[in-house]
Amino acid sequence: MEDLSFEESLEKLEEIVNKLESGNIPLDDAIDEFNNAMQLVKVCNNKLNNAEEAIAKIVEDNGELIDFNINE
Amino acid sequence: MENKNFSVSQINSYLKKKFNMDPKLKNIQVKGELSNYKSYANGHDYFTLKDENSEISGVLYKGRKRNLEFKPEDGMKVIIKGSVEVYEKKGQYQLKANSMKKDGIGDLYISFEKLKEKLKSEGLFDESHKKDIPKYPKRIGVITAKTGSAIKDIITTINRRYPQCEIYVFSTLVQGDFAAPQIVSQLKKSQRYDLDTIIIGRGGGSIEDLWPFNEEIVAREIFDCKIPIISAVGHETDFTISDFAADLRAPTPTAAAELAVPQTDELNNRICEINKRLTKIMDNKLSSNKERLDNICKKQIIKNPESIYNIKQMHLDQLINNLDHYSKDMITKNKSKLRLLENSAILKNPENIYENKKTHLNNLIKNLDYSSKNIITKNKNKLQLIEGSTTLKNPKNIYENKKTHLNNLIKNLNYSSKNIITENKNKLEIIKSSKILKNPNEIKNKKEDRLIINIDKLEILNPLLTLKRGYSIAKSKDKVIKSVKDVESGDEVNIKVDDGTINTKVI
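Protein sequence lines, in the order shown, are assigned to chains C and S. Note that numbering that gives the first Met the number 0 gives residue 48 to position 49 of the first sequence, counting from 1, and the numbers run on in steps of one. Note that numbering that gives the first Met the number 0 gives residue 74 to position 75 of the second sequence, counting from 1, and the numbers run on in steps of one.
Bear in mind the hints are in silico, worked out from the structure with no lab data behind them. These numbers come from a predicted model, not from an experiment. Don't take every hint at face value.
Calculated cross-link-like contacts (lysine-lysine; reagent style DSS-like; alpha-carbon spacing at most 27 Å) [stated by the list, open to error]:
hint, chain 1, residue 1, chain 2, residue 2
1, S, LYS49, S, LYS23
2, C, LYS46, S, LYS151
3, C, LYS41, S, LYS275
4, C, LYS56, S, LYS151
5, S, LYS275, C, LYS46
6, S, LYS76, S, LYS100
7, S, LYS130, S, LYS188
8, S, LYS504, S, LYS481
9, S, LYS284, S, LYS302
10, C, LYS56, S, LYS187
11, S, LYS456, S, LYS443
12, S, LYS130, C, LYS11
13, C, LYS41, S, LYS134
14, C, LYS41, S, LYS137
15, S, LYS446, S, LYS434
16, S, LYS61, S, LYS101
17, S, LYS151, S, LYS187
18, C, LYS56, S, LYS134
19, S, LYS95, S, LYS70
20, C, LYS18, S, LYS279
21, S, LYS279, C, LYS11
22, S, LYS30, S, LYS100
23, S, LYS504, S, LYS476
24, S, LYS130, S, LYS115
25, S, LYS298, S, LYS284
26, C, LYS46, S, LYS137
27, C, LYS18, S, LYS275
28, C, LYS11, S, LYS275
29, S, LYS504, S, LYS467
30, C, LYS11, S, LYS284
31, S, LYS289, C, LYS18
32, S, LYS279, C, LYS41
33, C, LYS56, S, LYS145
Selected chain C positions facing chain S (Cβ under 7 Å, derived; list incomplete) [claimed, not checked]:
hint, residue
34, PHE5
35, LEU19
36, ALA29
37, CYS43
38, LEU47
39, ALA50
40, ALA53
Cβ atoms here follow ideal geometry from the backbone N, Cα and C, with glycine treated the same way.
Isolated chain S, as found in the complex (with noise of 0.2 Å):
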């Protein structure tokens, strides 16, 4: 091959050149994080892609970055689409950006996209949960940052449209990863307010800005809220799962703001048409009316009011013709009943009732006759019979039977006695049989026994059996000795022995 010399230009154009051939350079997609990013007067920005170990320049042209979704910066992990060109002039080669996106927005909008199918299934987008905004809400709570775009937009817009609304503030975090439940809370807390309307959301912000109202909780919050609540999270293009579950999506806070709140001017319209309208009602009435009474004063009998009495007495006289026809055809009607009466059997015939009468006390004299007829002959019978009685005839009869009756008497009288006797006799002999009469001295035996008994007892005691014993009892002047000292010289003794006393004298 020869050996020949190239210029620094050649070489770089050749490297153009192949750079431009190749397809996969034409169209590519990178991924990395940027640094040094910088935009220049000229209105492009340049900057340098990296990862851990190698870097490579890059530049973002003006016309580009409309359609940018968020604010580039130092750090930020980005997927890049474009080509890779050569800048002749520098001998450099560069990655030109035709558009650049955050990296790591695929994973949340996954997330995004199975949260919201998984709430839908729940039921809690459904329209049927939806409640109806007031439309003239006297207080509106608003959760958002106190110091953020939304509130101050929200306050303007109700303060221009409805000035008479109260707005209760209830200032939450917007982003991060505390915001979430800082809106639980709030939103929790505003049901205590008796708020009319709520607004939840925030100004705009890239889509990790916005995610605490993509999160669960937030939504679930907004779903149980009792009162009724607007979502207006970010711009237009930003949908959210609280904008879904939410009662009413607006697409910014100032809309939010418009649809919680009607417009004074538009109401004062109203008003005023209202009162044209019944001030038209009333006119048109009056006036109605007013024909009305100008006909009825064009009236004849109004005009000429003599016209009535004049119908009045009309009917008087009809009353008075009708009255005075009635009372004749009464008349007719009376007379021609009282001839009938006159006509009547009982009245010409008055002896008829006399008639009457007789022939009934006749028959009730008759009765009576017969009756006490029959009456005489019933006794008469009656005393025939007793008469006829065997009795009557034979009064002994009577005495008879009383007799008998006596003598029967008598006889049961005797037997009763006899029976008696009879009996008593056969107790005494009874009694008369019996041992203790037959052996009375059983009884002596037995009490003399029994004293035998007791007087061998006494005899135990009795001194005197002492002396059979051979003891004997000396006595002096009926004294028992019992000492020497008891008797004297001279004296007499008596000594009892069993059989008798022997009487001595001291020596």
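Just chain C, same shape as in the assembly (with noise of 0.2 Å):
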């Protein structure tokens, strides 16, 4: 699940959701799925908010990259 790219974990989490309003789902499978999306949560959280700073780096002309600072 750690795989998956923020913008597919919230596909997949929307898809959960859908899923259980539609409300023909077996209970087992319905807490199976609900674990799962409570999963998804906690990687899209952890993603959304564990950057602080965006990292900015220059691509110089021999195409190394060293970082970039807008203060300099």
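Fit the two chains together into the complex; they arrive one by one in their own frames, and the hints show the way.
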């Protein structure tokens, strides 16, 4: 589940919610899906809130990547 | 005309009125190069407009500066719309500018429109080619000047909205003649860096400054770019060819960054919302299931479990009942079958079987009898035929036949042997009459002839022949004398000549 991109995680999450809301799902399956969904919520939250500042790099002519600071 | 003195004010006032009355001067468009451009503290700008041969003073009042699309500088070629008026106080006339535009912009505008039409007709701006901008990019490439304002705006905006996104900066010149090829090469380079989205652009500037983004090579490279690309050149009002070729146009670099990344807060809210929905669904689901369970528990069968046993008992009784019924039925059926068998003819009268067999046996015996009689009759007939045959009636015939055959053989033999004798006699006659037998000497003669030839050959060598020609051989004591030394006085010498020998003595 960690391997999914943020977009995929979010889509999957919404898919599960829609499925659960349709109501035709047996309780055991519903509980499994709910646990999956909770896992995905956690993954999404981690992905969203773990970065503090965007990493900016400048691609030099020789292809080297150097940290780029806008205040310099 | 009366020689009257005018004051300076009067003449300047007169001239001012004259100027004002001239419609041409009231609304005039003048082209020239700016010099001595100065902004005064009161907010008005003063300048000189000139060409190669002449110049005119000019003023741009504070109120007219709002419409200015560029910052006027010395050396700029401009077109000024306005009026020529007299400044009475100084006795000068000047150009009062209502608007000022850069000269040459018209040409640029024409080439812009031309290129735009050309690329449009080629389909470079078609909606069908526009790629979707990824909603949650992991890495964004920015193609702009690393020292410009655009990159600062973009990084700041992404930092604020969606800091989990990486930014790769591909620095390039964004104005001047070298900018377009550099933008193209950086765009090509950026394809290798696993980017989700590219932002290309620069901050605001004059139309010339933005011009690299109106170049055909840049537009085509943007169109060919495999990665979704957002164009952000200048301010809201600036449209460039790059904007049309890109997948998305942003009015400013900041707006481009906003279009490129989502807002983390919004996403957090969305996830929070999903979380709430999930919990609610599960609560509902669980409570409804609990309700169902409660209902089930209230049912008679759960409260009174023996009732299950009762039902089963009833079922069993019914089965036994059925079984009983069926078995009785079966017995009845089989009994009637048995009765049918008992009543059958064969069982009632079993001798019938024996009678049938007996008849069959009798038939067989009859058949056998008939067949054997037939065979005897046939053989008797054959015997009679044999007895009646000529051979048996007259057995001598056999002997006569053999005799005739033997006689034939003897005749054949006689004939054949006579033939052989005759043939051999003939052969003998032929041999007898052959030359060789008639004249056997012929062979002998032939042989003699050959002998004579050979003798002739020998005679050539024969020493006696030499004697015939007059020579003689002298011998003494039976040795041929070849030297005087071979004989002594008194020795007998025999001289052999052709027809005899002369006996002499050595004196």
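Which of the numbered hints are not met once you compare them with the structure shown? Violated hints: none; all satisfied.
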